[in-house]
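Visitor: Add chain B with the ligands to chain A, keeping to what the hints say.
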Amino acid sequence: MDAGCSPHDLAGFVPSAVECHGQVVENRCVAKDTWIMRLFCPELAREITPGQFFMVRDPRVTDPMLGRPFALLDVWKDANGNVAGVDFGYVVVGKMTSLMATWPVGDDCVLWGPLGNGFPVSDVDRLCLVAGGIGVTPFLAVTNEVLGAQKYGNSNRIGSSRAKSVSLCYGARSEDYLMCVDRFRAIGVKIHISTDDGSCGQKGFVTDTLRELISSDDCPQSIYCCGPEPMMQAVSELAAESHIPCWLSLETPMACGFGICFSCVTRVRMDDGSTDYRRTCVEGPVFRAEKLCFS
Amino acid sequence: MADLTVELNRLKLRNPILVASGTFGYAKEATAFVDFSQLGGIIPKTVTLLPREGNPPPRTVETSCGLLNSIGLDNDGIDTFIEKHVDYLTSLDCPIIANVAGHNAEEFVVLAEKLNAFPQLAGVELNMSCPNVSGGVDFATNPDMTHAVISAVRKKCKLPIIAKLTPNVTNIVEIAAAAAEGGADAVTLINTLMGVAIDWRRRKPILGNVFGGLSGPAIKPVALRIVCQVAKAVDVPIIGVGGIQNLNDVMEFLVAGASAVQIGTASFYSPGLASRLPAELSDLLDSEGAASVSDIVCTLQYPEATPVACAAE
Ligand SMILES: Cc1cc2nc3c(=O)[nH]c(=O)nc-3n(C[C@H](O)[C@H](O)[C@H](O)COP(=O)(O)OP(=O)(O)OC[C@H]3O[C@@H](n4cnc5c(N)ncnc54)[C@H](O)[C@@H]3O)c2cc1C
Ligand SMILES: Cc1cc2nc3c(=O)[nH]c(=O)nc-3n(C[C@H](O)[C@H](O)[C@H](O)COP(=O)(O)O)c2cc1C
Ligand code: FES
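If you read the sequences in order, they're chains A and B. Residue 2 is where the first sequence starts when you use our numbering, and the numbers rise one by one after that. Residue 5 is where the second sequence starts when you use our numbering, and the numbers rise one by one after that.
Hints in this document: simulated from the structure, not taken from any laboratory. Since this is a predicted model, take the numbers as computed values, not measurements. Errors might be hidden in some of the hints.
[Said to hold, decoys possible] Straight line, CA to CA, 20 Å or less: simulated DMTMM-like cross-link-like pairs of lysine to aspartate or glutamate: (1) B:LYS88 with A:ASP10; (2) B:LYS162 with B:GLU110; (3) B:LYS88 with A:ASP209.
[To be verified] Quick partial rundown of chain B residues pointing at chain A, CB under 7 Å, derived from the structure: (4) PHE28; (5) ALA36; (6) GLU66; (7) ASP78; (8) GLY81; (9) SER296.
Built from N, CA and C at the ideal position, the CB exists for glycine as well.
Just chain B, same shape as in the assembly:
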């Protein structure tokens, strides 16, 4: 049997299949469909310092092979998260990686310090990239801010740190490099791509918040491209996410350079998918003659003379 364990610096996982933040609620909701003991990790919905009501509906609209969302980080705040969810989550037979978003470096630090009291958490993912928060806080569009946030959190929090980056930037490589430099154990690539859906007859945008983030199979090629670029140019473990809906998609991300992957939107329309994938992956690795997942990671063979535009542009 192939070895499914993966190590992303300080973050050690029993297998590389995680479920993505914001697409798995607080896990309990999925009880009926998902065998948590099969998953490599669960990342619950983003938590902020103060409660947020979220955006007005409609909050999602289906587009061609994709989903546009503007949930707006609807959550009850970190204190309620700790009070109501952390004990339950960490009682599950599955590593839990909390995901937080702050308005500034100080907020990120306060959030991370609060989570630091829970060593039973496997790590913390910093959502530096949510496009739905009005005010346009987008740390991960600026390498210096990215570095500042991560290094500040690293000083105050002992948990492994993952930086979740946005694709809505000109040069993702320099941001990923800044995240690694700042002390991130891994980077998650990618959050959703900014988009809009229009009802032309009514001359109105469909989403309550006008713009939203695109996810699902429609974005997979973009996510793969970004994984390739960062894997080539930056020495940091990558967690790939974007449009994964079957084992072939998982393999593409691993080959491109991701050490682990997250299942996002696919859980909405294939509720039990994520917990079936680890066993499927194990079987496939066996039939491929691979002894471990790491034998597959970053094995993409680029044509020799082709400029893949992998370095910073």
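Same shape as in the complex, but just chain A:
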């Protein structure tokens, strides 16, 4: 970022973001209420990195009116091996996601991104990803990068593929909601599943499987976490107790996604000990856990 004209240090400000059309190439239900959409949008896809997001909107309607934020699941390539677009996963929860589930192949939408800071490039041997529900989506790209299966972003990105071990502690309501488990397994991730009802993996919370992992030989050196806020709070407490650096990706509701509306704020601890509301879209969505004040 060009210093001097920087209002603050906006870690998630992306000067190379674009506003573009996305054409639906695929849109299919992969788990209960859970869909994966594939869009053709090469300019955006060439820039985006793991943990970043983009806004999606239907330009034909004003109800819903605003774009909605979605995290990158993965980029996809055309027959010539060129990056052609993005895949993202979504859960049908409200107005926009219900509409999205009806979009046929060939439909156009508008999107803008990439947005936000994304997860830091990991430089540790043992990385643990902790996901609650749809919070699992950003971790496929994170894993692909750290295990050297796929590169992301433009040529300026210095990725890292040095992880020797990636574990995923993945919690969901029940087996029906799990997504992408085979894809994680195929690239060599060690998966620890927990469900609220015990229909798959361990009955209980991700913090149970994470606690076991921490006390094993495979104890992670960094934790990346994304999911519902109470879960992220519990994970950040566990990480703090165990002195493991932990990053959280917030899912704060957003109106613009790029810093102009000030609606996506979260309370952040400042260096001088005070706290302030900060915009998650341009200062996050990924924060060091100890920076956040949970409500």
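Guide: Same frame as chain A, now just chain B with the ligands:
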């Protein structure tokens, strides 16, 4: 090519498409999407004398064809604004109109005096109407206070002055008249309409601050009505704002009586819209055979015998 320049008393703009305060951050955030050199003007987020943390989240909620917000004037105060933003903003190839809000006439004067040191600013917009500041400071609900604030600022500040008024009043015409009388170069109509969104299952309001201001396409008819009323009754240039999301909306405001317009909420969901509109407007004026924007302004033809309720009620 049609002439896009507009003159609102001392405020001269290269085209009538501005971006509205509070809906464009401090401009830098929009760098990726907006060609600033196309805009008629940028109005950054409202600045207050002292820093304000703003309201607790959730700060916005989408409603039918609209957005309800209670940001609460989250800003770092005028001194930080001057230190961190003014140089950057005025370095852009675009007129910058600072927007300020005070708790009383004295605060407005102090704010305006500080900005007076920056002649590179194109003007100052006085936000006399933000419904989100608890304590209910709403100068623009009272014509005498409106007059007092504007005339006090005019004495201490050489920059062109715009008064941004609230629609949450019984008689906007008398307030706009007071603003003009007090020395405003133009009035901006309108700020958001007070509203509330409710989650009935939880028996709770959705916004952290309970009430908020409604914006977006849902309010366009109200904004247009107010522009019509003021244009008919008061001799003051109008900047129209409220729900504009395409060129047709711009034209409706111009025809209704606005000399310029601001794009607000639409920038949230159509990031590059504002910088595309001036070229579109130019093309449309050409195809309409209009030599300049001013040929369009205030050309609404009212049916003869209809009382449009344009005068003070
Ligand atoms: C950075 C970021 C990344 C994200 N990535 C993903 C992702 O990859 N996949 C994904 O599925 N989601 C993701 N999300 C969340 C996603 O953006 C939301 O689920 C989506 O915006 C929902 O849109 P909607 O219109 O369907 O829901 P809305 O209609 O906007 O509703 C959203 C939620 O609010 C509730 N709600 C709506 N209206 C009301 C009301 N009047 N009163 C009370 N409650 C109400 C709904 O029940 C629902 O739970 C992400 C969010 C962020 C910030
Ligand atoms: C999120 C949000 C924040 C706003 N903040 C300000 C502000 O700080 N100062 C101000 O004068 N107006 C503010 N406004 C009002 C807008 O400038 C504009 O008057 C209003 O939204 C109507 O226009 P629109 O429908 O095009 O958005 C805000 C509006 C929104 C939606
Ligand atoms: S969503 Fe608008 S500022 Fe973050």
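Visitor: With reference to the structure, classify each hint as holding or not holding.
Guide: Here's how the hints hold up against the structure:
With a CA separation close to 11 Å, the supplied pair LYS88 (chain B) and ASP10 (chain A) stays within the 20 Å bound. The suggested pairing of LYS162 (chain B) with GLU110 (chain B) holds, with an alpha-carbon distance near 17 Å, which does not exceed 20 Å. For the hint linking LYS88 (chain B) to ASP209 (chain A), the alpha-carbon distance of about 46 Å lies beyond 20 Å, and the restraint is violated. Annotation: PHE28 (chain B) was flagged as interfacial toward chain A, and the flag holds, the nearest CB pair being 5 Å apart, inside 7 Å.
Given the 7 Å rule on beta carbons, the hint for ALA36 (chain B) holds: about 4 Å separates it from the nearest Cβ of chain A. The beta carbon of GLU66 (chain B) comes within 5 Å of a beta carbon in chain A, closer than 7 Å, and the hint placing it at the interface holds. A least Cβ separation of about 5 Å between ASP78 (chain B) and chain A falls short of the 7 Å threshold, and the interface hint therefore holds. Taking 7 Å as the C-beta contact cut-off toward chain A, the hint placing GLY81 (chain B) at the interface is violated, the least distance being around 13 Å.
With a least beta-carbon distance of about 30 Å to chain A, the hint placing SER296 (chain B) at the interface is violated under the 7 Å criterion.
In terms of the numbered hints stated before, the structure departs from hints 3, 8 and 9, listed from lowest to highest.
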